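Start from the sequences and build out the full structure, keeping to the hints where you can.
Here's the letter readout for the chains.
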Amino acid sequence: MLDVRSCATLSEAAGILSGDRQALLIAGGTLVMRDVNEGRLTEGTLLRVTDPAFRQVNAGGARVEIGAGVTMAAVLANRDLAYLHAAARAIGGPAIRTMATIGGNLFAETPYGDFTVALLALGAEVVVQAGYGSGRAVPLEDFLAGRERGGAGQAQGLVTAVQFTRPQNPSDFLFRKISRVKPKGISVLSIAAHLPASGGRLVQPRVAYGAMAPVPMRARGVERVLDGKPLDQAAIQAAKQAALEGTRPATDAIASDWYRREILPVHLGRLLAGEPR
Amino acid sequence: MLEMRKEIFADERDDNLNVVGKGVQRQDMPGHVTARTRFFDDHAFDGLLHLKLVRSPHHHARIRSIDVSAAERAPGVKRVLRGADVPVNKNTLLSLINFGKDDEPTLAVDKVRYKGEPVVAILADSEAEALAARKLVRVEYDLLPTVFDVEEALKPGAPVVNETYPGNYFEYHQRFDHQKLRFGDVEAAFARADHVIEHRYQMSPIEHAPTETNGTIAAPDQNGRYLVHSCAQGLFFSLDTTAKIVNVPSNQLHFVGGTVGGGFGGKVDSLTEPLTVLGAMLTGRPVRYVLDREEEMLYGSPRGAERIYVKDGLMRDGRIVARYIRSYFDAGAYTRLSSYAAIKCTAHVPGPYSIPNVASDIYVAYTNRCPSTAMRGFGVTAVDFALECQMDRLAEAANMDPVEFRILNAYRDGDMKPHRRVAKNTALVECVQVAAEKANWPISEQARRASSLTGGGGERAQIPATPLDERGQIGRPDTRNGPATQTLPAGTTRIPLSKQPVFEGARDGKPAPVQVPRYEAPPRQNPPPYDPAIAPPSLQPAYQPAASAPPLPIPPAAPAQPQHGAVRFSSVFGTRRR
Amino acid sequence: MAKLPVQFRLNGSERAGFVDPAGNLLDLLRRGLGDFGPKYGCGQGTCGVCTVLVDSEPQLSCLTLAISCEGKQIETASGMADGPNLHPLQQAFMDNFAAQCGFCTPGMLTAARALLTKNPNPTRDEVVEAISGNICRCTGYEPIIAAILAAAAGGAGMRRA
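Chains as they are written, first to last, in my numbering: chain A, 29 to 305; chain B, 55 to 632; chain C, 261 to 421.
Treat each hint with caution, since some may be false.
Here are the computed distance ranges between Cβ atoms for each label pair [to be verified]:
1. A:Y287 - C:P380: 50 to 60 Å
2. B:G77 - C:P380: 23 to 33 Å
3. B:G312 - C:G415: 29 to 39 Å
4. C:G415 - B:P84: 18 to 28 Å
5. B:E450 - A:Y287: 20 to 30 Å
6. C:P380 - A:D200: 29 to 39 Å
7. A:W286 - B:G85: 46 to 56 Å
8. C:N345 - B:G77: 17 to 27 Å
9. C:G415 - A:P198: 30 to 40 Å
10. B:K76 - C:G294: 35 to 45 Å
11. B:S123 - C:F278: 23 to 33 Å
12. B:D100 - C:T377: 28 to 38 Å
13. B:Q306 - C:T377: 43 to 53 Å
Quick caveat, the hints were computed from the structure, so don't treat them as lab data. On a predicted model such as this, the values are computed, not experimentally measured, just so you know. We treat Cβ as the ideally placed atom computed from N, Cα and C, and that holds for glycine.
Below, the structure is given as structure tokens:
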């Protein structure tokens with residue numbers, strides 16, 4: 029039978045996670061409780077973290093840190109994180125957002141996990157604490173690659189927070205989730221883009237996709253063709269041409285891989301051009 | 055708001071109605087908004103056991119062994135059920151009206167025929183304990199070849215899905231492999247049509263996805279009775295089905311229900327009632343069995359897939375002169391209600407259009423997919439989708455506006471339908487006119503002046519000469535494309551009884567080829583003799599709505615079907631017994 | 261596994277029960293405490309019929325650990341009416357025919373109540389967003405939206421939510 033243990037500190041939880049392969053962190057419960065309810069998870073220990081640091085947000089400075097236990101609703105309530113509101117609002121309905129956490133979203137399987145797409149475009153790092161030591165910052169891309177290999181989860185320790193550099197200009201950050209059900213549905217795909225510009229030209233843009241690969245991915249081809257260019261018609265056209273580079277979408281109940289490939293360039297073009305969905 | 059066109063439906067409705075067309079508060083609304091409405095699961099019982107199923111992970115496999123010993127010893131487990139524990143472990147839903155053969159076990163015994171088929175049931179003190187014990191059941195399978203496509207399933211040599219129907223088709227009247235409709239001569243009409251247009255249409259299965267999943271709570275009551283809180287849409291249908299399967303008189307079951315959290319057709323199959331009652335009988339405890347969402351979506355029977363071929367003969371002036379429809383219902387692994395769907399489909403073709411030559415062959419095929427069942431207009435919805443897509447294509451071919459094209463071909467009062475009944479109270483013309491007006495779709499003055507009340511009858515009321523063929527006899531797949539064998543004279547409303555024996559009985563465990571019923575011309579001008587054993591009392595000429603099978607006597611050689619439940623008359627199925 | 265005690269206020273009354281450590285709030289409310297207002301529809305966070313308020317915030321009780329509710333305020337649709345007097349949202353649902361089978365109704369009412377508490381004068385889009393996690397499979401969304409807007413116009417959010 030499943031047991032539940034409450035941990036007063038992040039270190040305690042990290043220590044148990046590193047030592048007990050049957051231990052699993054439960055935060056908002058939107059992923060773990062589903063497995064409990066449907067009988068996939070019947071043995072082991074669920075760990076709850078009551079440490080306030082798990083739910084802390086430091087968003088005022090240039091370097092932003094969001095605790096892994098921060099909910100989507102808390103992100104939406106934080107004015108300093110306005111550039112992330114579109115991504116947070118894309119997650120579920122209000123009840124899910126009261127529960128679902130930033131950390132949990134890092135583990136949500138495709139086609140879920142849209143908030144992680146936004147973090148990827150922000151160049152975020154994941155703070156992972158293994159054992160009773162201190163946290164270590166891992167690039168989100170590496171973290172996701174590990175997740176795809178099957179090495180993520182408790183084996184790596186506890187995800188305590190995500191960190192990233194605040195966009196200098198919030199309007200440089202774009203996010204769009206494409207779903208068939210209105211106003212809210214599961215992703216056909218999602219796109220996030222951080223497009224800082226200097227002197228009318230894009231500087232090291234970052235573009236990320238959700239549901240276009242087994243885990244959220246960077247759109248390297250798009251970033252390459254946009255870097256150093258003004259965001260004009262020609263650049264957008266080039267971005268659409270390069271949109272599919274590296275994508276490996278799945279066919280699932282929401283959409284076929286063909287459909288995802290067909291519509292990705294269209295929606296990328298609209299997002300970059302500031303056009304509505 | 056409701057509008058009654060008295061000029062069309064003069065005799066249809068009293069003008070002094072108190073409720074229709076007015077807003078009246080529903081009686082169940084106060085319960086709904088106060089959350090006091092009790093659905094089947096909203097009942098507390100002390101000592102409630104929870105039932106969870108082990109389901110087949112394979113689409114088609116022989117069961118080599120089932121080992122439940124570890125599950126029986128697991129914490130909280132009170133009982134583990136297998137097929138041998140089910141008193142009557144073979145049923146078909148419409149056996150209650152004596153239609154079709156028992157073909158579906160409650161728990162699989164020798165083999166599984168679709169992914170998700172129930173194999174073992176576990177009853178435990180808590181859901182968590184039942185779920186944990188579920189993982190301890192060991193079932194060994196030998197995989198069998200699968201078939202998922204309706205037309206592949208009907209080919210000679212296809213894997214036999216359901217041994218009750220070894221040809222992979224439902225057997226109508228134990229004689230025919232499909233439902234057949236013949237009216238006029240479609241082949242001759244195709245030959246002289248200006249255009250012949252044929253298209254293939256495919257509908258996928260659709261899950262009802264009720265917000266309340268299927269489920270039941272059953273509890274021992276006094277006097278050996280059982281109280282059953284059921285989600286069933288057809289409560290007494292479920293009661294009788296359950297009584298048959300657990301083998302108790304129906305008056306020992308007290309079904310409570312009728313408050314359904316969304317059904318849409320997905321709660322007529324008694325998916326949970328029999329096992330729940332059986333669990334309560336065998337443990338003496340209240341038992342709750344509720345499908346989880348994944349089970350509901352994957353294994354709660356959906357609207358069946360359908361493949362439909364429509365072939366039309368079209369004249370340049372826009373008249374459709376012939377329509378042939380060949381359609382396949384995907385029943386999945388068991389019949390459930392698909393046999394009825396094909397009858398409804400046959401009764402619905404060729405759609406609401408006056409076409410002088412119509413033929414259809416509608417099959418129910420078995421595949422290794424989840425059994426399909428009723429859903430809102432099943433049997434009609436998909437063929438209507440196909441027909442209306444086809445109508446748009448015909449309009450384009452005739453270079454006509456699609457709205458005017460429909461008005462041109464719509465039934466008028468007095469037209470003879472292919473089922474040999476006269477159309478009355480037709481109103482498609484007016485519906486299309488109103489739809490065009492609401493959509494601001496311009497139509498011609500001529501189309502605007504058209505009326506369902508004029509232009510019908512006369513020549514359009516005649517029954518044409520109709521060729522018959524041998525297609526559709528059980529055991530003779532080679533005859534499915536046979537030529538015409540005889541022609542019914544114009545005006546024939548029904549085929550009288552053949553005096554010849556037509557059924558040779560089973561040979562080698564398989565249905566044998568049968569002899570075609572020969573048309574024997576009745577004396578001229580005489581109406582068909584009234585035979586109380588065949589014809590419902592009616593002022594209309596006696597007619598079997600599902601035109602596949604001429605009414606035939608049950609041959610003495612046919613083995614008696616096990617029968618259960620009340621004996622009823624069914625005009626829908628064209629059979630009855632007394 | 262030993263059961264654990266949990267205590268909270270349910271619709272204003274102090275209630276307690278014993279649960280499996282990993283038991284969810286929905287099971288405790290329904291089978292432990294006999295409040296059948298929240299329903300089971302999916303157990304996975306897609307349908308919203310189990311929506312309850314936990315300290316005034318909407319949550320899905322099927323995905324909430326029961327023991328995490330220790331000391332909290334839980335409110336369900338069963339507790340919305342004040343004796344025989346319906347909550348304005350309940351009255352608006354009645355007046356607008358905003359229920360068919362009734363199964364989604366408690367969750368819809370709770371989601372609407374959460375909205376009006378924070379936003380007494382929502383726009384139509386805000387209403388749609390507020391019930392976007394609640395499925396009505398009878399597809400009666402329009403009357404539900406109309407009912408919530410009518411309740412808001414009548415001051416439901418201001419009076420008491």
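Status of the hints after comparison with the structure:
| no. | hint | result |
| --- | --- | --- |
| 1 | A:Y287 - C:P380: 50 to 60 Å | violated (42 Å) |
| 2 | B:G77 - C:P380: 23 to 33 Å | holds (28 Å) |
| 3 | B:G312 - C:G415: 29 to 39 Å | holds (37 Å) |
| 4 | C:G415 - B:P84: 18 to 28 Å | holds (22 Å) |
| 5 | B:E450 - A:Y287: 20 to 30 Å | holds (27 Å) |
| 6 | C:P380 - A:D200: 29 to 39 Å | holds (35 Å) |
| 7 | A:W286 - B:G85: 46 to 56 Å | holds (47 Å) |
| 8 | C:N345 - B:G77: 17 to 27 Å | holds (23 Å) |
| 9 | C:G415 - A:P198: 30 to 40 Å | holds (36 Å) |
| 10 | B:K76 - C:G294: 35 to 45 Å | holds (38 Å) |
| 11 | B:S123 - C:F278: 23 to 33 Å | holds (31 Å) |
| 12 | B:D100 - C:T377: 28 to 38 Å | holds (37 Å) |
| 13 | B:Q306 - C:T377: 43 to 53 Å | holds (50 Å) |
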